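Undergrad: Sequence:
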Amino acid sequence: MNPPDRFQRQRDLVPAEKLHHLTITVIGVGAIGRQVAIQLAALGARHLQLIDFDSVEPTNITTQGYLAEDLGHPKVHATAGLCWRIDPTLQIETLPDRFRPQQKVGDAVFCCVDSIAARSAIWRALKDRAPFWADGRMLGETMRILTATDPDSRAHYAGTLFPQAEAQTGACTGRSTIYCATIAAGLLIHQFTRWLRGMPTDRELLLNLMASELVVR
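In our numbering, the protein residues as written are 5 to 221.
Calculated directly from the structure, the hints in this document are not laboratory data.
All values derive from a computational prediction rather than experimental measurement.
A few of these clues could be false.
What the hints assert, rightly or not - Restraint-style ranges between C-beta atoms, simulated for each label pair:
#1 119 <-> 181: 16 to 26 Å
#2 166 <-> 129: 12 to 22 Å
#3 10 <-> 121: 35 to 45 Å
#4 167 <-> 129: 16 to 26 Å
#5 61 <-> 219: 25 to 35 Å
#6 128 <-> 11: 22 to 32 Å
#7 108 <-> 24: 14 to 24 Å
#8 122 <-> 155: 33 to 43 Å
#9 167 <-> 19: 36 to 46 Å
#10 21 <-> 206: 16 to 26 Å
Built from N, CA and C at the ideal position, the CB exists for glycine as well.
Taking the hints into account, I'd like the entire structure generated from these sequences.
TA: What follows is the structure, given as structure tokens:
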């Protein structure tokens, strides 16, 4: 008797042959990034790279889905541990450090850091090295999903990297909830699967949960 196929319900939506050959980098495994990594593990990714210098704090249990036993541990190690519980065969590289320009990254990059300055620096280093780029931003119950996969969307993304002084008051970590982070991660993963299938991706999605409003640009 053949073992159950855990991918049978998504087979027509996620091309396994393309997914299995990719190394996927998640920079920042806080609120959104941790959920992205977990969803990628469930989706069937084979090679993950997790980059984050931070350790788990008490508020991260509420807003980022970490466990009480993770307190004080590097976020990349805690996230990798949960991903391995989903799929023990998953290959994961953990870098408990800040992103550095000389680091090698995968073909798909999810930028989930919490400041415009950090995004700008990472984009400058990787804009010509990542065929798929996605950025998730969140403040309160508003989230912004940006995807760059072609010259038009890359130019659009570059235009969103305004000076830090012009950013909306409050970091992504200032006001957040686990449900917003999970929704944002799902939207990022959806753009990723569209790219895998050779479908057009959306340059920008702006979702305001409080207003029940979705804007596509």
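Undergrad: Now tell me, hint by hint, if it's right for this structure.
TA: Each hint tested on the structure:
Between residue 119 and residue 181, the C-beta spacing of about 20 Å keeps the proposed range 16 to 26 Å intact. Restraint check, residue 166 to residue 129: a C-beta distance of roughly 19 Å satisfies the suggested window 12 to 22 Å. Between residue 10 and residue 121 the Cβ separation comes to about 40 Å, which falls inside the hinted range of 35 to 45 Å. About 18 Å separates the C-beta atoms of residue 167 and residue 129, a value consistent with the hinted range of 16 to 26 Å.
Checked against the hint of 25 to 35 Å, the pair residue 61 and residue 219 passes, with Cβ atoms roughly 33 Å apart. Take residue 128 and residue 11: their Cβ atoms lie about 37 Å apart, and the range 22 to 32 Å is violated. For the pair residue 108 and residue 24, the supplied restraint of 14 to 24 Å holds, since their beta-carbon distance comes to about 19 Å. At roughly 24 Å, the beta-carbon separation of residue 122 and residue 155 lies outside the given 33 to 43 Å, and the hint is violated.
In this structure the supplied range 36 to 46 Å holds for residue 167 paired with residue 19, their Cβ-Cβ distance being about 39 Å. At about 24 Å, the CB distance of residue 21 to residue 206 agrees with the hint of 16 to 26 Å.
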